[in-house]
Amino acid sequence: NAGVTQTPKFRILKIGQSMTLQCTQDMNHNYMYWYRQDPGMGLKLIYYSVGAGITDKGEVPNGYNVSRSTTEDFPLRLELAAPSQTSVYFCASSYLGQGADSPLHFGNGTRLTVT
Amino acid sequence: AQTVTQSQPEMSVQEAETVTLSCTYDTSESDYYLFWYKQPPSRQMILVIRQEAYKQQNATENRFSVNFQKAAKSFSLKISDSQLGDAAMYFCAYRSANFGNEKLTFGTGTRLTIIP
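From first to last, the protein sequence lines stand for chains E and W. Going by this note's numbering, 97 is the number at position 97 of the first sequence; the sequence numbering is gapless. Quick note, this note's numbering runs 1000 ahead of the 1-based positions in the second sequence.
I should point out that these hints are in silico values taken from the structure, not numbers from a laboratory. Treat the hints loosely; a few may be bogus.
Stated by the list, open to error - Computed list of lysine-lysine pairs in DSSO-like fashion (alpha-carbon distance at most 27 Å, straight line):
hint	chain 1	residue 1	chain 2	residue 2
1	E	K44	W	K1078
2	W	K1078	W	K1103
3	W	K1070	E	K44
4	E	K44	W	K1103
5	W	K1103	E	K9
6	E	K57	E	K14
7	W	K1055	W	K1070
8	W	K1073	W	K1055
What the hints assert, rightly or not - Taking beta-carbon pairs under 7 Å as the criterion, some of the chain W residues facing chain E (in silico):
hint	residue
9	Q1044
10	R1050
11	Y1054
12	F1068
For every residue, glycine included, the Cβ atom is placed at its ideal position computed from N, Cα and C.
Let the hints inform the model, and build the full structure from the sequences given.
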């Protein structure tokens, strides 16, 4: 199993550009999450999904969009990038269900700089 | 909304000694999970230990153990026989056990330095 795979690892954007951060997991997890980590801070939830076709906002959703068309994939879209979106982005997944659950499995993160 | 507080931005410990990292949380729920995650310079998030709130027994994983005080809403991590590889950021996290509210809330982290 590859676990949670994020691409790219690094990216530099100009203000106003758009991009999609890719995330895929091969563990058949139903829950997937996107977090951002600002320097010296903990992780803040952007969006999450409890299954294919279902997404919901976290603490800091403004400026982002997500979709969950398959169980495996959970891309994060940045429209009109702003310097405030400079951060490290983590995708994570877990299985939560009746009588069984798993802790979060994290990808290795994407370092995004907006200049 | 739940909050998680780590009041120690930085800690240091001599190699082979014991160190305790503090975490408090605020919740009105009775059933939940608590976690400690480790983030080394590689940026990878690694689960260290997990505690279910309904279990009175403190979780232990090798050199890592927790002191879970449910009434005080405290969840500290004790690292025994500290090793150089333990140097990292440590994050405390809370997750509700209620269906539909299983988001993980993180504290701001404690940077642990191991002194050789």
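Structure-based check of each hint:
{"no.": "1", "hint": "K44(E) to K1078(W)", "in the structure": "25 Å, holds"}
{"no.": "2", "hint": "K1078(W) to K1103(W)", "in the structure": "25 Å, holds"}
{"no.": "3", "hint": "K1070(W) to K44(E)", "in the structure": "24 Å, holds"}
{"no.": "4", "hint": "K44(E) to K1103(W)", "in the structure": "10 Å, holds"}
{"no.": "5", "hint": "K1103(W) to K9(E)", "in the structure": "25 Å, holds"}
{"no.": "6", "hint": "K57(E) to K14(E)", "in the structure": "25 Å, holds"}
{"no.": "7", "hint": "K1055(W) to K1070(W)", "in the structure": "10 Å, holds"}
{"no.": "8", "hint": "K1073(W) to K1055(W)", "in the structure": "14 Å, holds"}
{"no.": "9", "hint": "Q1044", "in the structure": "6 Å, holds"}
{"no.": "10", "hint": "R1050", "in the structure": "6 Å, holds"}
{"no.": "11", "hint": "Y1054", "in the structure": "14 Å, violated"}
{"no.": "12", "hint": "F1068", "in the structure": "16 Å, violated"}
Comparing the model with each numbered hint stated earlier shows that hints 11 and 12 do not hold.
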